[in-house]
Amino acid sequence: MNRTGFTTTIPLEVLLAADRIPVDLNNLFITGGKGLELVEDAEACGFPRNTCSWIKGIYAAVMESGIREMVAVTEGDCSNTRALMEVLSLGGIRVIPFAYPHDRSVVALTEQIERLMGAFGVGWDAVNRAGERLESIREKIREVDRLTWEENLVSGAENHCFQVSSSDMNSFPDRFEAEIDRFMAEARSREPFRDRIRLAYIGVPPIIEGLYPFLESHGARVVFNETQRQFSMPYGIHDLVERYRAYTYPYDIFFRLADIERELEKRRIDGVIHYVQSFCFRQIEDMIVRRRLSLPVLTLEGDKPGPLDARTAIRIESFLELVGGMK
Amino acid sequence: MRIGIDLGSRKVKFALVSAGSVIRLETFDTISFYRNFGRMKGDDLTFDLAATGLFSPAEISGSSIVATGYGRNTLHLKSVRVISEIRAHTAGALFQTGLRDFTLLDMGGQDTKVALIRDASLRDFVMNDKCAASSGRYLENMAAVLEVGLEELSSHWENPVRLDATCGIFGESELIGQIVRGYPVARLCAGVNRTLVKRVVPMLRRFPSEKIVLTGGVARNGALVRLLEEEGYVVTVPENPQHNGAIGCAVISG
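Here the protein sequences come in this chain order: A and B.
According to the numbering used here, the residues represented by the first sequence are 2 to 328, in order.
According to the numbering used here, the residues represented by the second sequence are 310 to 563, in order.
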């Protein structure tokens, strides 16, 4: 089977129906253990220093991995992906564009999904069958999430890990499902966490390491990972097009905020960490996030991969004191 | 008696407080401080407080010690309590000014912190991130380029020359460009001070408060105070702005 990469979450059902091995290129870049090296490789190739490290990391990871086919999300994620797509296609990689329509139009999204199906030569029957398979795994991921916020048995990092992996099901859905089963059995036998502070993490997944354990060492646990949860298509919607219309991440900030506000309330959140990537358009949206949310918000900016730095640690400690003092 | 220690990026500050009064304040350069009094203990850098000679053995043994700043976790002394910087600075500003509602603007060697204080409690804060142009270190660099002392640099605020570089290093060459164009030193100094204001005003505007308590080493820059006042702020500089964090450590309750 061929490996097919993608730049952010896409209708995974299509790749599975086409018997491809799905590879979320972000995960490939960040979990390989040499993220910083990849970013530096891309900069040496000519990527500007002041562009997003995820783009640079994906570029270098693709070049290094030997992946020859990928789906690039050109709308609904950052526009840098377009240039990334062009640069990679110059290197002989087959790049298939996919666009989430900004207005969430049913017609436009259906057309995009059908184009993707066309590119991979699969029809609706096969795609819907793949959808049923994936939904059964996603249901288990939803349970991991529930065990996190409702039963307090799962750490913020574990919650992050399982949800963020759902974009490509760690490339092998059966193996991933077995891993979830094992994890849940173990987690259910644990003593619940007794955190002082319940946090939400919103924004793209962090490029920095060690954030969640650091928070937990200060009595604060993330019980809501916004975007990671979105990757797992959390609403249990049967219809494929509707499933990807309900997925908030590629659409406007107000649509995202409606989901965020609902979950903050439901999960009894005390404070919000808004993570933004350096040079990302979502840094601008931080203004809106701060204006709309009534809870304390700490905005963290990450640039390159690596451990949590001393400055960020100081800001987090101060934020936790602030949140703790307001409880 | 209480000893407060603020281990900053440029200076290490000490405060000894007794019965609600500041008894003694001391300052060291951070690098020479660690060079002279620091040592490695396993993988940890520690320092010998007694060897500094700042405090008598009786003062050290008879005081509760609280520390903050970048180096706070290097302090492996028995019974030293470590607190966050924002907490230390808030406590220091409340103690030094007696005010209860204000925006704290702390400008140190690298960090600029802006904190909203309401009813004597911390309500929200922002800090500079990724970039330390507009910090104390930046002022030191610019003074060196202009070949003036920090005092001279800090005394000019009228008719600032325009300086726009985002980067503190490119800022130096931009400043040299303005020197070559023949502007007088006073206007060049004012221009440097104006860049500080341009950097901090967006942070200050996050919070609805006209009353500012300005602390940190940069608070000794009178031109900055003047320029902030021109922006409509009412600025209070406490008696010991650079020792505000150390004093906060020494007076914090609990």
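Read the hints as simulated data drawn from the structure, not as lab findings.
Be careful, since some hints might not be right.
Derived BS3-like pairs (lysine-lysine); straight-line CA-CA distance at most 25 Å [claimed, not checked]:
(1) K305/A <-> K267/A
(2) K439/B <-> K305/A
(3) K520/B <-> K507/B
(4) K305/A <-> K35/A
(5) K520/B <-> K35/A
(6) K267/A <-> K141/A
A short list of chain B residues far from chain A (calculated; beta carbon distances all over 12 Å) [as the list claims (entries may be wrong)]:
(7) D357
(8) A397
(9) D420
(10) A424
(11) L425
(12) D433
(13) V435
(14) M436
(15) N437
What you are looking at is a predicted structure, and each value in this text was computed from that prediction instead of being measured.
Even for Gly, the Cβ is constructed at its ideal location relative to N, Cα and C.
Hint-by-hint comparison with the structure:
no., hint, result
1, K305/A <-> K267/A, "33 Å, violated"
2, K439/B <-> K305/A, "11 Å, holds"
3, K520/B <-> K507/B, "18 Å, holds"
4, K305/A <-> K35/A, "11 Å, holds"
5, K520/B <-> K35/A, "48 Å, violated"
6, K267/A <-> K141/A, "20 Å, holds"
7, D357, "23 Å, holds"
8, A397, "10 Å, violated"
9, D420, "8 Å, violated"
10, A424, "9 Å, violated"
11, L425, "10 Å, violated"
12, D433, "7 Å, violated"
13, V435, "8 Å, violated"
14, M436, "6 Å, violated"
15, N437, "9 Å, violated"
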